[in-house]
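Participant: The listed protein sequences derive, respectively, from chains A and B. Residues in the first sequence are numbered consecutively from 158, following our numbering. Residues in the second sequence are numbered consecutively from 22, following our numbering.
Calculated from the structure, these hints are not laboratory results. C-beta atoms are modelled at their ideal positions from N, C-alpha and C, and glycine is treated no differently. Hints are not guaranteed to be accurate.
Claimed, not checked - Computed footprint of chain B on chain A; a stretch qualifies when at least three of its residues, placed anywhere within it, have a C-beta under 8 Å from a C-beta of chain B: (1) 323-335; (2) 355-363; (3) 541-555.
As the list claims (entries may be wrong) - Label-pair ranges, simulated between beta-carbon atoms: (4) B/29 / A/281: 57 to 67 Å; (5) A/394 / B/358: 17 to 27 Å; (6) B/29 / A/163: 47 to 57 Å; (7) B/55 / A/172: 46 to 56 Å.
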Amino acid sequence: MLRPMPMKHVRLLALTEALPRASLALAETESFHPDERAPLESQLAALPGHAYRELYSQAHTRLDKIARLIAVDPPDGIGQVRVVDVDELRALDDWLGTLWGEASSYEEDFRRLDDAERLVKEQQAALQNFADLDIDLGMLRTKTRFLDIYIGLVPRENLRQLDGAVGLANHILHVYTQRGDNAHVVIVGPTGAKENTLGAVLAAAGFQSLPIPEGLDREPAELQRDLDAQRKTIAEQRQTLRETLDDWAAPYRTRLVEARHTLMLAEPLVTLDPSLRSAGHLAHLAGWVPARAVDQLRQRLSETLDGAFDLRVRNPLPEERHLVPTVPVKSRLLAPFAMLVNQYGIPAYGEVDPTPLFALTFLLMFGSMFGDVGQGAVIAMAAWWLRGKLKGFWPFGVMAGLSSIGFGVLYGSVFGYEHLLPALWMSPLSDPLLMLSIALGWGVVFLAVACLLAIYNRLVVSNWTGALFGHHGIVNLIFYLALIGGSWQLGHGENLGLLPSVLIVLALGALAVYSWRQQQAPVGEKILVVFIETLETIIGYVSNTLSFLRVAAFSLNHVALSIAVFTLADMMGAFGHVLTVILGNIFVLVLEGGIVMIQVMRLQYYEGFSRYFSGDGHAFAPIRFGRGPS
Amino acid sequence: MRHVADQAYLNTLVSAMSTRLFDATLIAGLSQRSLSSLSDAFGLAALLDEQPSNAARSRAIEQSIVNVLLTELRILIRPMNAEEQGLVLDWGRKYGLYNLKTLIRGKLYDLDPNEIRANLFDLPSDIHDSDQALLRAENVLELLRQLEAGPHRQIARQAREAYEQQRDPFALEAAVDQRYYVGLVRRIMAFSDHQLVSLRRLLGAELDRVTLLWLLRFRFSYQLSPSETYYWLVPSMRLLTRERLLRLVNLETFEQVLQALPPPLDALLAESKSIADVQQRIGRYTLTEMRWVLARSQSGVARALAYLMLRETDLMLLFAAVQGRLLGFPDETIQVALDLIEPTCAHPPRRLSASATAMRAT
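Use the sequences and the hints to build the structure in full.
Facilitator: This is the structure we're talking about:
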């Protein structure tokens, strides 16, 4: 379960004309992850899928743009699988292009209506301002013999520069209000030659003239009614336009759904495009396939291509290891834990997949740090209740809650009450030293397993030196276990012991020699680095082990917080008591639950993953229908 | 003292990278070197050999120059705080704006998408959002609708007017450039005093140069009115301030403008005969200012920016020399081109005829 799924490298040679069929077969098997490296044969240099991909991308974009205006239902599944050749794709693209050419004019009409509505709104705002002015606004509507007047909107960011520019044309600019990104301005100046130059400046500044309505001497309310009527007219025009658009689109809807289906069928070949190479009629395609799926793939290709292909299968080469994708965990229960593992990185091929181990240790640590039957039940039920929103993550909440319940039974704790349920084991606070000792022991086991996994991961890739001398390698593990053994004896009043002492000295000596030989630096610098690295090894292992004391500390903390809540509750009356217990439990659930979660993740990522997990792999992403090209 | 400690790593990084800048002898000899010599000295052999045509070679080298610059930019911003990173990234975003201009021009002149794509720089996402959606726009109006829905909505409005009125992208490109420099000025003004002095000197010199050249071109080559000329300029926070520009744009002749310039620009540019002459002289002055900031400034971000600007100029010189050789120009012509390379490769907006060849001007 910890080992990755074995993968094979496959190389397919087929006729170039048969590529669309081959791509459909590969997509149906859902087991082919393309390898984008160019083949070694320099003759295989052409890119046979490139034109197809371009056509597909254009057609897809056009369909998406049309779908923004007209709702296009998705097709009901992939349905009948058939080959979409380049001619069909080109014809579809041309048709979509023509259709978008027509649809685009509707979009432009909608934009014009939006602009018109925005202008009316600005006019309403402007009139609101004019209402306070004691001048004949009718005069602003027309040019006078001596005055040149502009009223309108300017983007605020252009205002300062425009102010200087209109000044050069002997005009003045007055801002009478500002709304959003725009300023409402009045520009006034003498009529004359310079007014002609102002037009270009205003256009450059994005000036938008605000027409002053007729009959400004009428009641303001009447004017507002006129503008409201204009907005209503625009809304009606929009509705009419929408209906016209729907009528126009009605005959095309079925064909648009078919177009989407056609594009879905074209997707596999498009996805393969970066991996495809050809020379004349011969096409080359390479990829990674799970070993157990190779026979099925061969059979499917054989049926589709009538045997006109060559499929070569081999094991990944050691130097290709970083290119091999890792098949993700399929288990529904482990999937949420895999998501958390993937936050750190995807296991490299050959590397131990830490997901099952992560799930187990996470649940153990979370439960032991937050052991309470009642609160665990709340967590589990909340995750179940919110499963619609949490999607695939809800089992994580349920399992964390169940773990909390399990440890709650061991601790005899229900919503902080320690007398409702007899403890199957004991309350953490009844023997804190034992709890701390167990946490320390757990830390030693955790770190030793992490070192063993690190050693295994290096041995798998034939990194012998790394396995022996590298960080958390065999020598490190010997040192650590010797250190723990010696400390155990010291803890029991004995001396460090000969064997642990010898092992510690030898291990540190070996690490120092290895470090010395690895460095290319002056002697002084080498001494300094070796000294610091040795010190870091000792301090690192000691502090990392002590870091696991938090597992016990939080289980104690949980009880202590509950005691604090009950102490407060006991100071209240009956109602206050119940309220304090409820609020206290919510406080503990949210705050302490969150902190415990963070602490467990920290232990996993820092003390575990950083030791043995590179996380620099990439996920297996086979071509399949409906995924979309990369 | 704390400031010095904060900047120690960045300053060391800039000093280490500064050794990559071309020395005067190397620059002086660029126009005399053969293509194979340039190729060997700067590791361009693979780039030149892989491409099928001179145009493709030229494009590959230009793209490679952008890659080198942006890679160095990303190395330099690592030790910077968010404010400093923002400024340097904004400076690098001009390449994204070149793409935007190329796209708008291409759509305005209804060029083939493949031709437009061939003229776009391939840029990382932190410098510039993908142009794919804009590239797939099928006509100008659709492109403008997409622009209006994004961060360039104000520019898009001007573009619409440019399209509807005269199909001339001048106003649009001028707006793009103006907003770029205004954005940089805003960024700089947010810095505290110890950084501000150096940044003001560096970017002020650059803005003085850009603004003066724009002023001369707009006013006397494109014959724009004083008010329109002024509108498109970006006042500098050093010599060519808002008040000075208001005075300068109102002058009627090229010579009057040069005489009215503040010191030291007046002495530096006295008796210049043409805009190209001014371009050379003020270009040299700006380079001197950049070198001063790189060598003497205490501000890490100002030094980093000065390094990038100088590095860009060096690489543009190299590009011009290689391109000259690819096109088979004589040494003298290449030298003239090298003399006209500006400290940064910011192309000024220009009025163009509606021909497809206009694409190349970007």
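Participant: Now tell me if each hint is right for this structure.
Facilitator: Results for each hint:
{"no.": "1", "hint": "323-335", "in the structure": "holds (count 4)"}
{"no.": "2", "hint": "355-363", "in the structure": "holds (count 7)"}
{"no.": "3", "hint": "541-555", "in the structure": "violated (count 0)"}
{"no.": "4", "hint": "B/29 / A/281: 57 to 67 Å", "in the structure": "59 Å, holds"}
{"no.": "5", "hint": "A/394 / B/358: 17 to 27 Å", "in the structure": "57 Å, violated"}
{"no.": "6", "hint": "B/29 / A/163: 47 to 57 Å", "in the structure": "51 Å, holds"}
{"no.": "7", "hint": "B/55 / A/172: 46 to 56 Å", "in the structure": "47 Å, holds"}
Comparing the model with each earlier hint shows violations of hints 3 and 5; every other hint is respected.
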